[in-house]
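J.: For reference, the chains in residue letters:
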Amino acid sequence: MSIPTGLQKLTDAPVESLCIHGGRIVDPANKRDEVGDLYLHDGKVVNPNDLPQGVNWRTLNARGHIVTPGLIDLHVHLREPGQSSKETIATGTRAAAAGGFTTVVAMPNTAPKADGAATIAWILQRAAETALVNVYPTGCISQNMAGELLAPIGSLVKAGAIAITDDGACVQNNELMRRALEYTKMFDVPIFDHCQDYALSGGGVMNEGHWSTILGLPGWPAIAEEVIVSRNAMLSELTGAAVHCQHLSSVGSVRIIREAKQRGVRISGEATPHHIALTDSDCQGYDTNYKMNPPLRTHRDQEALLEGLSDGTIEILASDHAPHCEFEKEVEFNYAPFGILGLETELAIFIQKLIEPQVLDWSGMIEKLTINPAKLLNLHTKGSLAIGKDADVTVIDPNLEWRVDKNQSYSKSRNTPFHGWNLRGRATTTIIGGRIVFSL
Amino acid sequence: MKSAWKHKDLIAIRPLDAAEIALLHDTARAFKEVLSRPIKKVPSLRGKTVINLFVEPSTRTRTSFELAAKRLSADVVSIASESSSFKKGETLKDTGLNLQAMNSDIIILRHPAAGAPQFLAERLKAGVINAGDGAHEHPTQALLDTFTILEKLGNVSAPPDKKLAGIKIAIVGDILFSRVARSDIWAMTKLGAEVTLVGPTTLLPDTFRELGVKVSHRIDDVLAEAHVIMLLRIQHERQKQQLFPSLGEYVSLFGLTHERFKRCRPDVLIMHPGPINRGVEIASELADGVNSVILQQVSNGLAVRMAALYLLTGGNGPQGVNS
Numbered sequence: 001m002s003i004p005t006g007l008q009k010l011t012d013a014p015v016e017s018l019c020i021h022g023g024r025i026v027d028p029a030n031k032r033d034e035v036g037d038l039y040l041h042d043g044k045v046v047n048p049n050d051l052p053q054g055v056n057w058r059t060l061n062a063r064g065h066i067v068t069p070g071l072i073d074l075h076v077h078l079r080e081p082g083q084s085s086k087e088t089i090a091t092g093t094r095a096a097a098a099g100g101f102t103t104v105v106a107m108p109n110t111a112p113k114a115d116g117a118a119t120i121a122w123i124l125q126r127a128a129e130t131a132l133v134n135v136y137p138t139g140c141i142s143q144n145m146a147g148e149l150l151a152p153i154g155s156l157v158k159a160g161a162i163a164i165t166d167d168g169a170c171v172q173n174n175e176l177m178r179r180a181l182e183y184t185k186m187f188d189v190p191i192f193d194h195c196q197d198y199a200l201s202g203g204g205v206m207n208e209g210h211w212s213t214i215l216g217l218p219g220w221p222a223i224a225e226e227v228i229v230s231r232n233a234m235l236s237e238l239t240g241a242a243v244h245c246q247h248l249s250s251v252g253s254v255r256i257i258r259e260a261k262q263r264g265v266r267i268s269g270e271a272t273p274h275h276i277a278l279t280d281s282d283c284q285g286y287d288t289n290y291k292m293n294p295p296l297r298t299h300r301d302q303e304a305l306l307e308g309l310s311d312g313t314i315e316i317l318a319s320d321h322a323p324h325c326e327f328e329k330e331v332e333f334n335y336a337p338f339g340i341l342g343l344e345t346e347l348a349i350f351i352q353k354l355i356e357p358q359v360l361d362w363s364g365m366i367e368k369l370t371i372n373p374a375k376l377l378n379l380h381t382k383g384s385l386a387i388g389k390d391a392d393v394t395v396i397d398p399n400l401e402w403r404v405d406k407n408q409s410y411s412k413s414r415n416t417p418f419h420g421w422n423l424r425g426r427a428t429t430t431i432i433g434g435r436i437v438f439s440l
Numbered sequence: 001m002k003s004a005w006k007h008k009d010l011i012a013i014r015p016l017d018a019a020e021i022a023l024l025h026d027t028a029r030a031f032k033e034v035l036s037r038p039i040k041k042v043p044s045l046r047g048k049t050v051i052n053l054f055v056e057p058s059t060r061t062r063t064s065f066e067l068a069a070k071r072l073s074a075d076v077v078s079i080a081s082e083s084s085s086f087k088k089g090e091t092l093k094d095t096g097l098n099l100q101a102m103n104s105d106i107i108i109l110r111h112p113a114a115g116a117p118q119f120l121a122e123r124l125k126a127g128v129i130n131a132g133d134g135a136h137e138h139p140t141q142a143l144l145d146t147f148t149i150l151e152k153l154g155n156v157s158a159p160p161d162k163k164l165a166g167i168k169i170a171i172v173g174d175i176l177f178s179r180v181a182r183s184d185i186w187a188m189t190k191l192g193a194e195v196t197l198v199g200p201t202t203l204l205p206d207t208f209r210e211l212g213v214k215v216s217h218r219i220d221d222v223l224a225e226a227h228v229i230m231l232l233r234i235q236h237e238r239q240k241q242q243l244f245p246s247l248g249e250y251v252s253l254f255g256l257t258h259e260r261f262k263r264c265r266p267d268v269l270i271m272h273p274g275p276i277n278r279g280v281e282i283a284s285e286l287a288d289g290v291n292s293v294i295l296q297q298v299s300n301g302l303a304v305r306m307a308a309l310y311l312l313t314g315g316n317g318p319q320g321v322n323s
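As you go down the protein sequences, you meet chains V and S in turn.
Residue numbers for the first sequence follow my numbering, so the first one is 1 and each next one is one higher.
Residue numbers for the second sequence follow my numbering, so the first one is 1 and each next one is one higher.
Accuracy of the hints is not assured; some may be wrong.
Partial list, derived from the structure: chain V residues whose beta carbon lies under 8 Å from chain S [what the hints assert, rightly or not]:
#1 F187
#2 H210
#3 E330
So the derived list for chain V, only partly shown, Cβ under 8 Å to chain S, looks like this [what the hints assert, rightly or not]:
#4 P81
#5 G209
#6 F333
Quick caveat, the hints were computed from the structure, so don't treat them as lab data.
Backbone N, C-alpha and C define an ideal beta-carbon position, used for all residues, glycine too.
My request is simple: use the sequences and hints to build the entire structure.
T.: Dropping the structure here:
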């Protein structure tokens, strides 16, 4: 079961010629949802009506399973360099493979911050040596993520940064953000923004509202996010640059993005599994596995996120996988770091919260995990099962029932609020460029 | 000896029911009688170890707990944050485990972070008493406040949840940051009182209405009817947080001035958990006047804390104290 032994890095797995047989192929990029066979050869998707001759096909039976383009998570903290006690590129990408993800985008709030070409190069080198899935690094907006001076964005992109973001922090200076958007437009990469006005969020550690009132914890109000989402919409409109608002959490943020998109603004948004599965009432026990940034909000906010996902306002699903050591999390709620694991549980959480209540159908959900992030990231060979695209494929058993056990996680950390949850649906095979890196 | 108290700890008033509050009150009443004797010490906690762990400064509460433990014959050690290993970066968990390793029976914790006593209670076998955590709760303060109100205005023969029925209580001041306000709200409403919170909109958001109380931003609308006025300390620091412009403006809008006092019921009880800012939330003379029960609150605090320590270590309620 699971990750083949002896795999140190992705290229240790052989490129296979595979026939994925009899599965339900859900490929939203090509408006395809039908039972069929998918052929992978030489690392690409090949034409079943024009198969190369003399190939020894290995058949994987996918009957009753769903076959999708490899899932993409564009919001992951792999913690290397510098925070390898929380996670490494090796462990984080194993968690990704086990969760059905073939491509992850690594956030730059490492130590040092990914604000120079050397760090981007180091991450890519490390990924080539230890990663099991595709890793694309991001580079910082500002030097040392301090929000004061522009990082060398051109060099970062040249070195391989796929997007520019200060994730974990938010540029407070609107002039700097304007210039960052203008400048980055030259390079055809998006800017991701963690939307948080620090003056308004203050020392907040949970949603400001009913439960923060009862628990006496400092509130982090939704308005602190909405003000920045609103700013981003206005600056994107001004500059014409693409801006992506990360981990949306509130009614107002969804509304602002919906309205901006209607005006043609190049703005997009993402939703995380925890913001649609949990609410601020879960903070009642002061369990720091419910402390994340932005914080869990109310049932009403959850409904707005689901509505935004359903009507297309929110195009992207992502985990904000944020590992922290047990000793770091096992402190007073006020003092614990923000963030939880996501990669291994997100697919099943999305199935439970989106497919089962019919917020989205399979195509609607899978597009937010494949072609939509691929488009935003300009990954032209990914997110689709069209002929000639990369042979990145996820096979999902939609009916497999399993129980989350944090101690079985491939991640180095254990900070998940979903421990003990009974879930249905799980990736059973993860294939990257024709290489099988995970199979149940 | 049968244990009357069903919990390991005393963390918050919110999860308690009126009968449990009444048990604490009845036990405190028995200890108050003990405290009026020439020899004010009983052997109830002989051989028990009580640790007073104060990670935030306090004079009144720390002394009160320390004295309560001594009157019960416990061995008591007080640790203040300035002299503790917190200064060296030790975590709360490790401090707790170390104190437990010395066979402590009760740890009394005052901490700036809400939830810290619960965090400790979940990890220790020792009983934990919350002596104030962030803006969350300060249960023994609420117990002594309601004990004091019951003595003056309560209906002794009523069932626990009706003992303060018909009593109107105004809590005035910095509600948002007040753990005393929260514990008082739960304790007073559980005993049947009608509570109105009063303060500026910035220090009293509307979410407090969801706690089963009334909210007012005009003290003059509330004074005439109130049987009890509980004033909370207003902190200068809040000005820097843009929560009100000046103490002068606060006094003019919310201070209990002589002018306002004239419109109160003649028998109104004036309360304050301390420390008082004379001339700010309350006119100085009113704090010392006949309507003030501020020092009686302090006296009752000792009895209430003896009751909490006694019950948490297995004491059998008021009967146990008298036997």
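J.: Which earlier hints can't be squared with this structure?
T.: 1, 4
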